[in-house]
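Put the two chains together into one complex, using the hints given.
One letter stands for each residue in the lines below.
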Amino acid sequence: MMKFTKRMVLGMMAATMLSPAVAAAEDFSLEGETVTWIVGFKEGGGTDRLTRLLQSKLSEHLPGNPKVIVLNKPGGGSVTAANAFEKVAPTDGTMLIMASTSTFLPVLLGASVAEYNPNGWEAVAGFARGATMFGITDQIGAKGNGADPKADYAGLKDSSIRFGLETPISAEMLDLVAMNLLDVDARVLFGLSSKEAEGAFQRGETNMNTDNTRSYLKDFGEDPKVVPVWTYGVIDEAGNLQRDPDLPDVPTFPEFYEAATGKTPEGLGYKLQQNLMNAKVMISKAVMLPKGTPEHIQAAYVDALKAVVADPDVAAKLPREVGSMPVNFGEATQRAIELGTAMEPEVRQWANEFLQANYDSSLD
Amino acid sequence: MLEAALSALSQLSAPETLLALVAGVVTGLVVGVLPGLGGTAGLALLLPFVFGMEPNTALAMMIGLTAVTTTSDTFPSVLMGIPGTSGSQATVLDGFPMSKRGEGTRALSAAFISSLFGGIFGAFVLSFAVFFAKPIILKIGFGEQFMLVVLALSMVGILTGSNIWKGLGACSLGLMLGALGAAPLSGVERATLGTEYLLDPLPLVIVGLAMFATPEIIDLLRRQSTISETGKLGAGWLQGFKDWLANWWLSLRCSFIGCIIGALPGLGGSVVDWIAYGHALQTTKNRESYGTGDVRGVIAPESANNAKEGGALIPTILLGIPGSGSMAILLGGLILIGVEPGTELVTDQLDQVYLIIWSIAAANIVGAGICFALSPQIAKLTTIRYVLLAPFMFGIIFFAAFQATRSWGDLVALFLLSTLGVYMKRFGWSRPALLIGFVLSARVEKSVYQTVALYGASFLERPIVMVLLVLTVLSIAAAVFFKQKPPGPMSKEGPFSNQGTKPQWIFLALLVGGALFILQDGMNFNQLTGLFPMVASISALLFFAPLAAAMLLKKAPSGVFFDAERVADKSKPSAEFFLGLLAGMLLLAALVGFVLGIATFIFLFLWLRANVAWWKALLGAGGFVLFLGVLSNQLTLQYPTGLLQSWITLPWPLQ
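Chains as they are written, first to last, in our numbering: chain P, 1 to 364; chain U, 1 to 655.
Hints listed in this document are in silico derivations from the structure and should not be mistaken for laboratory results. Treat the hints with care, since some could be wrong.
[What the hints assert, rightly or not] Calculated pairs, SDA-like style, for lysine to any residue (alpha carbon to alpha carbon, straight line, at most 20 Å):
(1) U:Lys554 <-> U:Leu508
(2) P:Lys87 <-> U:Leu637
(3) P:Lys225 <-> U:Lys139
(4) P:Lys317 <-> P:Leu217
(5) U:Lys139 <-> P:Arg203
(6) P:Lys195 <-> U:Ser407
(7) P:Lys317 <-> U:Pro48
(8) P:Lys195 <-> U:Ile137
(9) P:Lys73 <-> U:Ser407
(10) P:Lys218 <-> U:Glu344
(11) P:Lys317 <-> U:Glu340
[To be verified] From the structure, some residues in chain P lie toward chain U, with a derived Cβ separation under 7 Å:
(12) Glu43
(13) Gly44
(14) Ile69
(15) Leu71
(16) Lys73
(17) Thr167
(18) Val184
(19) Ala186
(20) Leu189
(21) Gly191
(22) Arg203
(23) Asp223
The C-beta atom is built at its ideal place from N, Cα and C for all residues, glycine as well.
In isolation and in its complexed conformation, chain U is listed as follows (with noise of 0.2 Å):
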């Protein structure tokens, strides 16, 4: 073990190894920089090259790429409240608020620090694991996964903002949104509405970035003239090293909780940071305090991302059986450069799992490394006027939501249920718990089916399903004793006031009827097409019956009303001003192509809303059709086209 270990380490320090290392996690800090592309991105990005490469310059490179994603992304996630992947979605929750107050890198330092300190957790966990982990991995049969969906699910509890049944009302409806599209234990297509892009799923990033990204854009735009409310830049990335050390006891809790799901079979990558969120909530103190801009809802989850490469590399490496997408698609290289994973690597050719394994720890190192210099640059952002921003970051947001599945309907959706999340904030729905559900809704439809069919009731009696079961429990109860503070004054006049509640109630009459509908849809099918949109929409209107009962009866402020709408400054545009303007944008790109379209968006709203000098407002939109340009020709895209482009062939990067 040790002669392997060793042996892997000069292999790595071998020139052009370390030089394909750099290159990679170079290649995975863009990729994760930018929202939308992932882990997943930037292996296809590798992928062309990694032929005819040597074997362990390959592995390098694409272990480089693969454990750095998760590190970069918390620029976009804390700077600009838009998740820089799927990892970091609960970053933005304290992440932002804290730029907002000026300690972006305060923020960014702690969040680099806990990354790191995970990725080179999850390293170490991974060079015992590969000996002794197999056994265990096996015991996590179709129970043990369920079980482990229902911890997930329970997070919910105590992240449902400042009304019961509206959080659970809105995981409803992120299980009811996961519901479209083909079914998964039958591949029937259900309430499809019609269209060729609900054949799949709805994608993750696209919810994402509706749910946080569009929301926040918008809202910023219309209350403050800078990210940093402050206009400075706070305490620099000192303190943010001291706050990792006085929390060191819970980023390692939540490296270990990264490290674990990320190895299981059952949940898959993605939720991995919304359980060290919410492990975070459940098991320290003043919780009142996280979601305004507290530093340990950054540290929880950022440990827990970073660790959980590590994690899920010990189901690639010993069975073969990739422990979440960015693993799939590394498996993919993997063969492709003839490194077959099973356990034979593991006894035939321990020096390559080492080189892994030391990849990973070098590529975190390297991969903080670059982040903490860069960091005090990047901050300078949350200065900047926001007018200036806004435009490119609606350009990035329309750009990552075309990753998904890189087609028009990808635009529309991120478009339709970016509106959804802004009334969702405006009236006090939890999104956060939309997203759980979501994220969940594939998982519980199939798990609970695939135990009920194999095991009934019997699974109950497994020893580690009691043990999950025991720890929901005990999050449920956390959730439940946990002690809301009262959410802001109840006033006539504030957002919990019960006058001029009419339109909520139109916002809770449409997510009725779209309960109804999904409800009435589930049942054209048969109990495996239909059964689970069916539980998903009745669920849904069980949790939004108590609501309403209460805003009919209570007479006076309470917790059941929310409308910001009542505090926000009238003089400024509306957020549907917004919308249509994002309407318009997506229009003019049916007209003139998505790269022209979002051209004229930028340069009309620089110009006009931003003031700035025609030129200039010119200059910002011819960079930003470059930057689409460079970024189709490396990753291959097409973007697409409008009206304009089925008359006439335009020349690179305008088409």
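Looking at chain P on its own, in the form it has when it is part of the complex (with noise of 0.2 Å):
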């Protein structure tokens, strides 16, 4: 066996120190490698389809060409493959994960079952997807589109809104407490698949509907009776809320709280709503690398993913998942992470008791 003289060991960290992080990257090759992309989701759906999208760039802008799979492994709403991603991921660059909203807000909400801390990985990419609020325009009693939010307010005051959502405690959460923060009585059937209530509201059992901004302009953008009357907006790089690009003229929630009662809107609940919109919209979609990986892997990889963001194929078809909303890397996405799966102890009692008052539920 070989032994460790002392010189040996100085002249290894020298090595180390003079070597700079550039020479590494250009060094980083991971060719003849497969690089696995874990998706904590079925195929066919959205998480998986964008990213078999990007997939299809990934590999000719990687360093090496390696070939690139994408391995499903569904579960728990992501959480099993989470977990499983938290402990055994190699760090050598050859496993990343697509995580989404699914998989940070069981890290907000502190779900027991969630063994795995999303800020420890390294954040290479993260996709915002706007979200709205829409409704049959002659059943809440709302005109829509921003027109003019305080008649639209008090038309919903005076209707009788019913929505659909899966349950509780998700990212719906964020509608929830939007109904309670305007004081609208709103009843809400639960069980219901984002699919499975956009058949309720197209039968007109429900007529008001949530979902993200790009099925909504989809499904609904031609329907005059069908309008959106708000939407949760996006965050711009100043930290701003900004409206959502893919609808300009609609007011984001703030504004239309604004409008509507003449005040701004403050407080625990207000927080809570601001935590589950980054989790929900922000980071609706993030390209991961597992905790520890070496700068200059990251690097190579926030480099391909913009160079894959950016090919023509792919800035094509982007907005047919996503919508329109810019893309962040690196660090910003590390930032809204941080944010969408951080909760103050008192916003969290406040998400306690309005569940626990209105739906008997608890994040405990």
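This is the structure we're talking about:
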């Protein structure tokens, strides 16, 4: 066996210090390797489709052009895949995960099943996806589209609002909190997947629906009877909330609230809403490498994803999946994840009281 | 319309589109034959290729695949008693007894004709439905969906087996199994037994395999040397065709049922075969022969499950809302290639809609043709010594179970539920009843709540609800007036004996224990989470009570008692022995990983039990490893690893 002499150790230290990160990045190559891209959902869903769209060009833009495969590992709404990723993923750039709101939300809500911390993972790219609340105009007493939010609000208050959700403890808690802040007494039907909720809405059994902006535009964009009442907007690089670029006329929720009530939204409930908005909209999907992946590998992936997103083939199809919000990379994504996965204790308590009082549920 | 139809036909007849269609059909047939893999896995297989393909070509390929998985899934259902996909579980009930009688080819032939007819019927209906079905589908609200679920549930009445309480109890057991895992209304985890696996409900494919495949394989191993009792293949495929002709009216009715159920929201595709089978039982003569190898029991579900695909495409195309699991992924595929389902597709791109319709029709013809051509050869499997097949069957069903969530939990769940299935078979509890209860459990839970929350009792005033209510009453009446023939000789020595009932009591006590556990767990939660498990377990207990009373009071052999073990050949190893072997296989897999574990099991089984020369046994095991390896490559799978793999990295295909 080789003996480590003091000289050798010093030599190795020096070598490490001297080799700059840039050189390492140039040396980094995945030639002949297989990169496994974990998706915590079944094939054909939104997360899977986006992954496959990016996968089609990722190999081209990674150093060494490795084979890139998508591995679907469904279970627990991506929690199972994320737990496994936390425990066993290698840090040599051969494994990455497509996280989504469903991956981050259990962390934000402190669910015991989530045995991972996505803040420890290394973010490569994040995809924001707008969300909106829309309804059947003559049933909800609102004209929508930002024409007259104050009148819309009065209409909402006077109508019997019904909408469908999967479960109270989900990203759609955002909509429950929104209704609560506005003091609109809405009847909520649980146990409906987003497709089932859309079916109920098409049948007119519910009269409002929540969905991502892109789906709204595709399904109802041309239908004058169905109008968006508010969106949840998008947070720009300076940290300010801006209108959804796909629905520029529609007020964001705080704008709607202010126009309707004459007050700016504040308090613990609004803080909860902001947390949920970050998790649902800003980190709708995120490409992540395992904890401890060396910086030069992260850098290579950020460059590769930037190139993939700019690829004309991908750029043409991307809006179909996530709408036209700008893609964020590296540090920016990491910041959004931080905001979308941490909740102040008082906010959490407010959430628990809210859930307990209205839905006989709690986060604990 | 005609113009669009003709233009679509000419598009389909372009060589590269036809070639893609055939490629899709072949892939569909392969995934259909392999238990556990169905349209969902098949489409997943195609997705990577679909990118960058011409939309028409990709469309033909994807439709070709989805249209035929329920054609070829008949092979394992009929020949092996293993449901090929969840769409052909009911086919096992009569198809497999036919194979055992040596009529495998006849059953297959009747099934393929039925599939072909159902498939074309589905395409035919779809071609008109795209114009007028939207308002009809939009009429099916929560109340109607609830009544559809009730109607489906009423099919249990006619499938209870020899004792009504056992049948209803089994159905409640199914509902209870559906109550494990995350609650569909609140997302709260209930009765997870502390496992990550039960965050989601149990997968249907595993429950289906555990109820039918494992008990049948073990039963056959103990009783017969070949699947075909005569060791021969009887009357051929011409007979099957005649059978279908004689029952064309049943086939048409079941195709219609399949199409409707596929198209309407509320039931989903996986219960279509059971409803068709129940319908056949309710409406035909000489019903006592069902379950013993009656060809009508094959024709009914096979007509329905292919017709379902055309039906399920109606809401998928018209509303962008998938009618079944495989439609959900097809919808994903359509969006990927830039085809956006919705009414605009019909108004603006009618030729694309017709391309889909023609593809279904063409795929059904090509698919059924290929199956016909292969069936005489494949049916010969039933004349092979069964000990040679059984280890591979075990390997395949564990592989199939693993496809559900691709985790260790799948294998463990299959083993535990298989144990339940083996004893249910032994003690005469209706496994179809359990399966229907399980398939419908989440639907029952959701639709009752949603209907009551939205309408209260006023939903009963809706016209479609009333029609469904009448149908349900008729369905229950059919069950009540169903004259059961005496289930067998009531002798002190036979299975219905009132002596030596201790094992039956122990089994019943365990079921009661399970129900009490679910009940107690359900009481920990609020109404949204806990109500359903409580209702399911209380109904189970209510059905167990009269059974227990009858067992106590009856002093003579009776239909309340059943223990197949009383007439079993005691010189053959017990069912527990084979369950023990499976447990051993799982332990082995925990040590050396799934692939090597199963390979070792196959080798040892062939060598020691089947007395095959060691090198041949090794060849067999090696072949299976290769089979798993190819599939892992094609489907990007990672098999469960064992202790061994945590130390060393093994090369493909041994991981």
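Practice problem: Just pull the numbers of the violated hints for me, sorted ascending. | Solution: 6, 18, 19 and 23
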